[in-house]
Amino acid sequence: MSKAVCLDVRGVTKLFGGLRANDDVSFTVEEGEIVSIIGPNGAGKSTLFNCITGFYKPNAGSVRFFGRDITRMRADTVCRIGIARTFQVVQVIGEMTVLENVLTGALMNYVRVGSARQKAEEVLSFTGLLEKKDRSGSELTIADKKRLEVSMALATRPRLLMLDESMAGLTVVELRRMIDLIKSVRGSGVTLVVVEHVMEAVMEISDKVIVLNSGRKIMEGSPREVVCNPEVIQAYLGDRYRAVGR
Amino acid sequence: MAVLIVLPLIITSTFFRHVMILVFMFGTMGVAWNIMGGYAGMFSFGQVAFFGIGAYTSSFLLITYGVNPWIGLIAGGLVSACVAAALGYPCSNLRGHYFAIASIAFGEIVRTHFNNWKLVGAAEGLSLPMLKGGMKVFMFHSSKLPYYYIILGFLLIALLVCRLLAGSKMGYYFRAIKESHEVAQVLGINVARYRLIAIMVSAFLTAMAGTFYAQYILYIDPDSVMILPVSVQVVLISMLGGAGMVIGPVIGALILIPISEATRVWLGYKGTGIDMLVYGFLITLISVYQPKGVWGLFVNTGKRAQ
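Quick note, the sequences are listed as chains V and S, same order.
Each number in the numbering used here comes from the position in the first sequence (counting from 1) with 150 added on.
Each number in the numbering used here comes from the position in the second sequence (counting from 1) with 101 added on.
Keep in mind the hints are simulated off the structure, nothing from the lab.
A quick note: this is a predicted structure, and the numbers were derived from the prediction, not measured.
The beta-carbon is built from N, C-alpha and C at its ideal position, and this holds for glycine as well.
Treat each hint with caution, since some may be false.
Per label pair, the in silico range of CB-to-CB distance [said to hold, decoys possible]:
#1 S:Thr113 to V:Arg262: 42 to 50 Å
#2 V:Thr163 to S:Cys183: 37 to 45 Å
#3 S:Arg264 to V:Arg307: 48 to 56 Å
#4 V:Arg262 to S:Met102: 25 to 33 Å
All chains should be modelled from the sequences, with the hints used to inform the complete structure.
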């Protein structure tokens, strides 16, 4: 039984002057999947994220979300129709408490602050940050900031959550917790697209992996297929993975 | 609060009342600035344009068409808010210093324009007609007391608006926008729209102070109601008192305005600039030791929204 297509990216090309940051990138994400995008630095992963979420307007190609064309939508509109995202450089509201940060996200679906606060507390208990709700955003550790950013995104009640390197720089324990969180987010019915360098995590969570290099998609497949592919090993993973592949 | 109501009845000196009137007037402008600067992060150095437009609108309507100043007050606020929208729309993507620079330019453009606009008296300004004093015409000749209570009322209105905004969805959205446009956008916030709301509310309240000034002094010209130093003073008051906190600008006005008036009176022309020296000294102290402003000494971060 095939599921609904959540995200349909077709021929997306983004130019910065003469640089082709994204060159004719196409892929689809089915509802309920976790799709990882990997590739070396400068491969165009974050640019692709920005093209999908309305921060950049692609020079060519189209992006559809459950069949709806969102290619030229503004970023806040993209969020309102159900795509939430985080940033590679973690972004939280430093002057607000953890609870207020999440509450601000929840306000997208509520007019009254009281109801948004209730929703925010639910989200925080889901992401395991509830006991830190009165800390200010600026005083959190990196791991907690990333967790908070995910909570803020979840508070907008997305159908698709896009995480840009949510696991970079975490300790082993923190990484474990983040992987578990991502799995439970999927369990709650949210589709995920993640940009990630931490291959252990990518292998564990992904249904499908897309590999970018120099702006182009060089391969797409199951995690197992990807790490065995010689081209991927050469471009990104390095010889360490040649052994794994065998 | 009760103290502020009773105080002018105990201390009947005209000078005291005058200083307090200025404190409330600048307090009102500070609170208005705070909505766009302290909450929404748009550092405006062009508030005086909104102030001037408020003063000119009500005065022009009164002189030319005999429109009651109370109606002029509302008209001034609306005109000012519309002009603010015209400023805010093209600037909706300007951040930080760039917005500040644009706001200075805006203030100066408005001043230059009024200095050359024959219809509103150009550089000669406008003298308001002496009407028979009374509440109905917003003009009092025998005592400053009514002015004191009116501007205190304006200040309370501004504080109420600011407080309601701060505790509402809009307040949270303003603060998100202040942090960063990107963060706001991924929370589904239409940045341009909410910035526009902040500017327009701020302009309306500032224009109210402008109309008050015109009714109080009974004479306005571009070089008194549209000059950059007034804008700067509004920013200083808010920053010193505590930007992003409802009551902050009032504290700032209570500290700075009496200093500026006292040095002006006691030192006369010899003291020109002394108030600025004191300002500078205070601002330096505050920014080094208490960047959240004087009021920041009394509240911790968690309670700042209220």
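Hints numbered earlier in the text: which of these fail when held up against the supplied structure? 3
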